[in-house]
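S.K.: Residue numbers (full-length UniProt numbering), protein chains in the order written: chain A, 1 to 245; chain B, 1 to 245.
Honestly, the hints are just simulated from the structure, not real lab data. There's no promise every hint is true.
Note that the list lumps identical chains together, so a pair holds whenever it fits in one copy or between two copies.
With a straight-line cut-off of 25 angstroms between C-alpha atoms, the simulated PhoX-like cross-links for lysine-lysine are [unchecked claim]:
#1 91 x 191
#2 158 x 130
#3 91 x 212
#4 119 x 70
#5 66 x 6
#6 172 x 6
Protein chains: 2
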Amino acid sequence: MPGIEKLPIEETLEDSPQTRSLLGVFEEDTAAISNYCTQLYQAMHRIYDAQNELSAATHLTSRLLKEYDKQRFPLGGDDEVMSSTLQQFAKVIDELSSCHAVLSTQLADAMMFPITQFKERDLKEILTLKEVFQIASDDHDTAINRYSRLSKKRDNDKVRAEAVEDVYTSRKKQHQTMMHYFCSLNTLQYKKKTALLEPLLGYMQAQISFFKLGSENLTQQWEDFLGTIGTSVQKHIFMSCTQEP
Amino acid sequence: MPGIEKLPIEETLEDSPQTRSLLGVFEEDTAAISNYCTQLYQAMHRIYDAQNELSAATHLTSRLLKEYDKQRFPLGGDDEVMSSTLQQFAKVIDELSSCHAVLSTQLADAMMFPITQFKERDLKEILTLKEVFQIASDDHDTAINRYSRLSKKRDNDKVRAEAVEDVYTSRKKQHQTMMHYFCSLNTLQYKKKTALLEPLLGYMQAQISFFKLGSENLTQQWEDFLGTIGTSVQKHIFMSCTQEP
């Protein structure tokens with residue numbers, strides 16, 4: 001694995017055309033990373049939202065089944081069997097919805113958090129520094145122009161001194177902001193891979209523990225439960241048929 | 001389990017107040033079932049929609065990872081490691097999205113289909129028969145009124161015969177529709193429990209096979225995969241650090 005490319009901080013004082021063109025390449029790369037990460041962020045947000053909606057809908061279904069007893073059915077003659085069955089369904093579906101809730105939380109912490117941090121903090125910081133650097137460069141150019149105009153028509157020393165001072169401070173400012181900007185562009189090169197991999201690892205880990213939770217804790221007891229339900233439903237259908245007028 | 005209550009079809013000809021009040025009870029019970037089933041139908045539809053959205057979002061994420069190679073990163077020096085890693089992620093996430101797709105299909109067939117059938121076919125049929133019966137009853141009342149008015153002022157035999165004929169046919173019509181209506185109200189009493197239990201059983205079965213598919217086919221290979229990724233990411237971070245300027 002070859003080394004990661006860097007913008008030479010030591011070149012910021014000289015600020016040569018070569019440095020500027022290299023900066024252009026880094027800015028282009030950053031834009032591409034930013035664009036790709038934003039797409040991935042949106043896709044992951046869709047997964048996250050869908051997962052939350054799934055938990056909510058599963059929970060609602062379980063609640064509806066719990067509320068079966070509260071319904072007023074004038075012909076609810078043999079509702080004891082039915083309501084106890086629905087209570088069991090409510091219980092297992094509620095357990096499933098808690099598994100979904102756990103998954104949602106894990107996705108929030110291990111997937112959405114890192115990619116949101118990268119998008120909202122690291123990538124935003126670079127945009128801010130780019131603007132700050134742009135402003136500093138413009139101020140510097142203005143100072144240079146003012147100085148060059150001065151130097152033609154012989155002005156008094158006070159105004160000249162001001163202009164020199166102005167060029168000095170603005171160049172100093174530009175140099176500092178440029179160093180900051182280069183630093184964060186370099187840092188992004190180190191961060192970009194982990195920024196993509198971390199949320200994916202988080203996503204996979206969350207899915208794995210979801211399946212483990214589901215298969216280990218739920219599946220077996222569900223199957224036992226369904227076995228009993230299955231027979232009781234069969235029995236019910238059979239009895240209904242035998243009772244047909 | 002006590003027997004299921006029935007509307008006495010044999011009473012439809014006499015159509016006594018007792019039969020009518022019993023009909024009222026059955027209609028009330030049907031309304032309650034219909035209301036409860038509609039709520040459950042909506043909750044299940046939310047689950048179904050969320051599940052579909054989850055499959056779609058998972059598939060999109062996998063597609064985005066596949067497209068990483070197509071991105072143009074000017075500084076993509078050591079992208080071989082990265083892109084192969086993301087291809088592996090794309091592969092396993094794609095497998096997961098197929099599991100989700102299977103689950104969606106099973107939910108459609110085993111949960112949404114039966115409850116939709118019950119809602120759209122059985123419950124709708126009863127509403128239709130109720131209207132038809134209402135119309136037939138109104139026609140019968142009109143015929144009776146016309147006949148009674150006739151019988152006061154002595155009319156000619158032709159008109160009287162027509163009125164008698166009218167009463168006869170309308171009563172016959174009302175009797176037939178009432179029998180149909182009673183039949184389908186009785187049938188609903190036999191169907192109502194299985195109508196609730198069948199989609200729930202379908203839902204549970206779908207969830208169980210989803211967890212089995214996930215835990216048996218995916219979890220192990222994912223963990224192996226994550227093991228390798230984990231180390232390579234560690235390695236990457238380590239190398240990045242050692243390369244820090």
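S.K.: Next step is simple, just say for each hint if it's right about the structure.
M.R.: For each hint, the structure was consulted:
1. 91 x 191: between (45 angstroms within a copy, 24 angstroms between copies)
2. 158 x 130: neither (34 angstroms within a copy, 102 angstroms between copies)
3. 91 x 212: both (19 angstroms within a copy, 20 angstroms between copies)
4. 119 x 70: between (49 angstroms within a copy, 21 angstroms between copies)
5. 66 x 6: neither (62 angstroms within a copy, 27 angstroms between copies)
6. 172 x 6: within (22 angstroms within a copy, 95 angstroms between copies)
The structure is inconsistent with the numbered hints 2, 5, although it conforms to all the rest.
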